[in-house]
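When you get a sec, could you build the whole thing from the sequences and use the hints?
So the protein sequences, as listed, match chains A and B. 129 is the number that the working numbering gives to position 129 of the first sequence; each next residue is one higher, with no gaps. 64 is the number that the working numbering gives to position 64 of the second sequence; each next residue is one higher, with no gaps.
Hints in this document: simulated from the structure, not taken from any laboratory. Built from N, CA and C at the ideal position, the CB exists for glycine as well. Keep in mind that the hints are not guaranteed to be accurate.
Computed footprint of chain B on chain A; a stretch qualifies when at least three of its residues, placed anywhere within it, have a C-beta under 8 Å from a C-beta of chain B [stated by the list, open to error]:
| id | stretch |
| --- | --- |
| 1 | 17-26 |
| 2 | 36-46 |
Which chain B residues stay away from chain A? Per the calculated CB distances, all over 10 Å, these [stated by the list, open to error]:
| id | residue |
| --- | --- |
| 3 | Met10 |
| 4 | Gly11 |
| 5 | Arg32 |
| 6 | Ala86 |
| 7 | His100 |
Okay, the calculated beta carbon distance ranges per label pair [stated by the list, open to error]:
| id | chain 1 | residue 1 | chain 2 | residue 2 | range |
| --- | --- | --- | --- | --- | --- |
| 8 | A | Thr104 | B | Pro97 | 17 to 25 Å |
| 9 | A | Arg99 | B | Arg32 | 26 to 34 Å |
| 10 | A | Arg77 | B | Arg40 | 47 to 55 Å |
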Amino acid sequence: MMSLSTEDALLTMTINGEADLLRVRSTLRAAAQYAGLSLTAETKLVTAGSELARNIVRYATHGQGMASIERLEGSSRRGVRAVFSDTGPGIADLDEVMRDGFSTGGSLGLGLPGSRRLVDEFSIDSAAGGGTTVTIEQWAR
Amino acid sequence: MPDDVPIIRMGQNLLVTLQGNLEDTTVEQIERAVTREVARTRATGVLVDVNGLSMVDSFVARVIARLVAMVRLLGAQATIVGLQPAVAITLVELGVPMAHVRTALNAEQGMARLRGSHDELVD
Numbered sequence: 001m002m003s004l005s006t007e008d009a010l011l012t013m014t015i016n017g018e019a020d021l022l023r024v025r026s027t028l029r030a031a032a033q034y035a036g037l038s039l040t041a042e043t044k045l046v047t048a049g050s051e052l053a054r055n056i057v058r059y060a061t062h063g064q065g066m067a068s069i070e071r072l073e074g075s076s077r078r079g080v081r082a083v084f085s086d087t088g089p090g091i092a093d094l095d096e097v098m099r100d101g102f103s104t105g106g107s108l109g110l111g112l113p114g115s116r117r118l119v120d121e122f123s124i125d126s127a128a129g130g131g132t133t134v135t136i137e138q139w140a141r
Numbered sequence: 001m002p003d004d005v006p007i008i009r010m011g012q013n014l015l016v017t018l019q020g021n022l023e024d025t026t027v028e029q030i031e032r033a034v035t036r037e038v039a040r041t042r043a044t045g046v047l048v049d050v051n052g053l054s055m056v057d058s059f060v061a062r063v064i065a066r067l068v069a070m071v072r073l074l075g076a077q078a079t080i081v082g083l084q085p086a087v088a089i090t091l092v093e094l095g096v097p098m099a100h101v102r103t104a105l106n107a108e109q110g111m112a113r114l115r116g117s118h119d120e121l122v123d
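Take a look at the structure:
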């Protein structure tokens with residue numbers, strides 16, 4: 001199992017299969033605990049990360065992409081940022097995929113809109129043919 | 001990945017324990033194994049203990065909901081027990097539809113519910 005040690009402020013991992021979801025979850029959990037997130041905030045962050053990493057496995061070209069998990073130090077609090085990126089087909093209509101229930105893959109269509117509800121900060125950058133990058137942040141209260 | 005799915009038979013009921021950081025394929029294996037066991041043993045109730053899951057994302061939730069529906073089609077009742085509070089909050093915010101899934105706080109309460117529903121069936 002990989003985890004963030006005190007020396008690793010930033011950890012980048014490749015995603016190219018289902019097994020990598022476990023690594024993303026455990027790394028996010030370790031980062032959340034280091035940042036002092038509440039158990040609820042931690043659970044939400046890990047769940048959002050699992051959704052976003054699965055999106056890469058399901059929808060990116062060859063199911064490949066990257067996840068970067070970074071510790072954040074604010075003036076009075078700590079947080080975690082996670083960036084999920086791929087060079088896949090991209091998303092032509094972002095409004096459409098951010099709507100509950102939209103899916104091209106036979107899923108519940110909750111991955112992106114659901115993840116946005118689970119974290120403090122959420123941004124998505126994508127264009128048709130240009131890959132997709134999703135950034136999430138969760139902060140300790 | 002566990003080769004043998006943790007299913008315990010308790011009289012007319014089956015107790016299934018989900019725990020740890022599960023791969024998607026493992027979750028689907030468990031789903032298949034449980035439906036097979038329900039048919040084989042003619043169990044009337046299934047308790048799915050999820051207390052050992054520290055995360056349930058939309059995929060895992062969907063498989064659990066599907067398992068409940070399949071068990072019902074086989075003529076048995078399934079109850080989800082032991083959902084951790086942080087996981088419950090996350091599922092609600094994620095928006096996973098779980099309204100049709102019967103839940104109980106713990107295995108003991110879940111077992112009592114299953115007994116209760118058997119009585120209803122007998123009546």
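Item to complete: List, from low to high, the hint numbers that the structure doesn't satisfy.
Response: 6
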